[in-house]
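Residue numbering for the first sequence follows our numbering, beginning at 151 and increasing consecutively.
Just so you know, the hints here were simulated from the structure itself, not pulled from any lab data.
Simulated restraints on C-beta separations:
{"no.": "1", "residue 1": "Asn333", "residue 2": "Thr650", "range": "23 to 33 Å"}
{"no.": "2", "residue 1": "Ala370", "residue 2": "Pro664", "range": "37 to 47 Å"}
{"no.": "3", "residue 1": "Thr164", "residue 2": "Glu642", "range": "29 to 39 Å"}
{"no.": "4", "residue 1": "Lys716", "residue 2": "Glu639", "range": "22 to 32 Å"}
{"no.": "5", "residue 1": "Lys716", "residue 2": "Gly228", "range": "56 to 66 Å"}
{"no.": "6", "residue 1": "Leu578", "residue 2": "Met151", "range": "50 to 60 Å"}
{"no.": "7", "residue 1": "Gln475", "residue 2": "Asp437", "range": "17 to 27 Å"}
{"no.": "8", "residue 1": "Pro465", "residue 2": "Lys716", "range": "55 to 65 Å"}
{"no.": "9", "residue 1": "Asp209", "residue 2": "Glu232", "range": "28 to 38 Å"}
Pairs of lysine-lysine residues, derived as DSSO-like cross-links and limited to a Cα-Cα distance of at most 27 Å, are as follows:
{"no.": "10", "residue 1": "Lys585", "residue 2": "Lys574"}
{"no.": "11", "residue 1": "Lys276", "residue 2": "Lys568"}
{"no.": "12", "residue 1": "Lys385", "residue 2": "Lys434"}
{"no.": "13", "residue 1": "Lys643", "residue 2": "Lys716"}
{"no.": "14", "residue 1": "Lys715", "residue 2": "Lys643"}
{"no.": "15", "residue 1": "Lys661", "residue 2": "Lys638"}
{"no.": "16", "residue 1": "Lys568", "residue 2": "Lys231"}
These figures come from a predicted structure and were not determined experimentally. Glycine included, every Cβ here is placed at the ideal spot set by N, Cα and C.
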Amino acid sequence: MRTSQFPLNTVKETPSDAEIASHQLMIRAGLVRKLAAGLYTWLPLGVRVLQKVEAIIRDEMNSTGALEVSMPVVQPAGLWKESGRWEEYGPELARLHDRHGREFCLGPTHEEIITELARNEIKSYKQLPINYYQIQTKFRDEIRPRFGIMRAREFIMKDAYSFHLDDESLQQTYDQMFQAYSNVFTRLGLNFRAVLADTGSIGGNASHEFHVLADAGEDAIAFSTESQYAANVEKAEALAPAGKRADAGEALSKVATPNQRSIEEISTFLNVATSQCLKTLIVKGDDDSVVALLLRGDHTVNEIKAEKLDGVASPLTMASDVEIQNATACDAGYIGPIGLNISIIVDRSAAHLANFVCGANENNMHYTNVNWARDLAEPARVEDIRQVIEGDLSPDGHGTLTIARGIEVGHVFQLGTKYSKAMKASVLDENGKNKTMTMGCYGLGVTRVIAAAIEQNHDNRGIIWPTALAPFQIALLPMNMHKSERLKEAAEKLYEELTTAGFDVLFDDRKVRPGFMFSDMELIGIPHRIVLGERGLDNGVVEYRARTDSDNQEVLLTDIIALLKKTSSA
RNA sequence: CGGGGCGUAGCGCAGCCUGGUAGCGCAACUGCUUUGGGAGCAGUGGGUCGGGAGUUCGAAUCUCUCCGCCCCGACCA
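Use the sequences and the hints to build the structure in full.
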């Protein structure tokens with residue numbers, strides 16, 4: 151491709167409304183343009199990248215035997231009412247009417263449609279298992295679209311849905327999909343983790359999210375330093391600290407702590423570590439009651455874990471000042487478990503504390519050297535209610551946890567019969583009996599994975615595409631070609647040879663200055679660059695430089711193709 | 001949804017407080033020069049100042065209203 155035929159819509163200035171690197175670079179490199187909040191147009195360069203990703207996904211999906219279909223974006227409300235999601239889904243589901251007043255929605259996902267297809271087309275167990283997939287545009291009316299392509303309202307997703315007679319078959323396909331996803335992300339050259347996800351109320355045996363590790367990620371991931379264990383921070387179990395609780399030391403004492411309310415203030419004022427303080431949170435319980443949650447001072451409560459507990463209101467809600475006054479006779483900031491007359495739930499780590507500091511249930515007073523069993527009863531109810539932190543023991547017993555941010559780019563899920571049951575999708579089994587099919591679903595964010603790849607691969611000059619994603623493999627840059635017929639001939643010849651050798655080449659035949667070409671090619675992230683100049687031509691050499699290199703390398707014109715074949719396959 | 005901010009040329013912004021008829025840089029176009037890291041000089045074109053209403057002799061500027069966009073958000077205990 152020639153730049154004279156393939157415009158590069160690059161911009162030098164960083165758009166003011168782009169926060170993260172991938173968003174800025176996608177605009178600057180001319181991959182996308184914003185149309186409205188959360189809506190983007192893909193330019194020719196961006197489409198090439200999209201197509202690369204889609205090709206890899208198709209390749210991996212097809213090799214598992216999955217079958218490509220294409221379902222409508224506009225979906226009739228009836229099916230959503232059947233599944234119950236017309237009511238379940240909030241305003242994120244964009245609803246509309248046609249000219250006859252019939253109700254429709256823009257598909258945020260396609261479970262209903264595929265289940266409708268399956269119940270009509272699949273009658274016998276002999277047709278199972280089957281796995282349908284599509285690469286399709288989705289629409290979710292996000293509360294707050296942000297980060298460009300990363301959290302857009304309209305986006306492209308590969309979604310697959312498998313149907314089975316039994317759970318064993320589902321597990322098999324699930325494992326295949328897990329492997330296919332790992333293959334896709336590996337081929338795309340991404341640093342990713344398969345993360346254990348909560349199967350929640352929908353049930354099923356397993357669910358994994360695939361996350362690309364990047365600082366701009368919206369999710370925090372905890373993963374083991376030594377094993378394959380990885381989980382969303384919200385879901386990672388916090389084990390009790392190892393070893394026995396320390397023995398009680400000095401006697402309990404009550405100290406004045408005027409105007410010292412927060413853990414940080416108390417820690418500084420009394421010169422004790424925050425991990426030696428006890429944090430007492432008062433939250434709403436069932437009915438009109440309130441409940442105390444006890445945590446170590448350096449830990450934070452995990453709302454998801456806490457609100458699941460019996461006696462705790464869901465969603466987790468902090469008690470009001472009035473409720474705190476009624477329950478404790480002191481202000482927030484001086485609450486503690488000693489003499490507290492409401493039900494108490496103690497975090498595992500807090501139950502392991504000895505000689506700790508806590509509020510005295512009296513304004514401007516705290517206790518020090520507090521010990522369970524000696525100064526107050528042993529915790530009656532110990533639960534895991536906190537967020538894991540870096541360095542915690544890995545829940546699987548191997549290694550400790552590291553915490554990194556991740557961008558969710560894939561999710562594989564054993565759905566079970568949620569949709570097939572609601573929508574009566576069944577087949578006849580060997581005995582001629584009706585049997586509800588069991589389902590799996592497997593999503594992969596096509597547009598998001600591109601943003602994620604850029605987050606993970608860029609520098610101050612622009613994008614550094616992994617080979618598999620690059621819109622072009624090679625940038626062929628002749629220096630001032632318009633001034634030298636000899637150079638033009640050599641460049642044309644090399645372009646021809648490279649193209650014939652099977653490379654995607656971007657031949658910069660614009661009449662622009664060298665620096666301009668270099669900057670453009672670096673911004674759009676072409677992995678390999680060949681510079682042709684008059685001087686080199688005299689010696690039969692060109693300059694080669696990989697996007698990741700900092701120096702040029704002189705290569706004989708006759709060797710360049712062999713070199714590129716070697717480096718691009720390595 | 002709540003809170004904060006922004007909307008002026010294709011892009012990035014100034015002007016607004018204190019009303020007097022719109023400017024800077026980049027980009028675009030033309031010419032000359034230049035030519036190995038986003039060139040220089042000269043010139044040209046481009047604006048319903050987000051929309052509407054109001055106050056005023058006069059509104060980008062003040063008031064009201066609508067729209068669009070961006071950012072942040074429920075552990076003080």
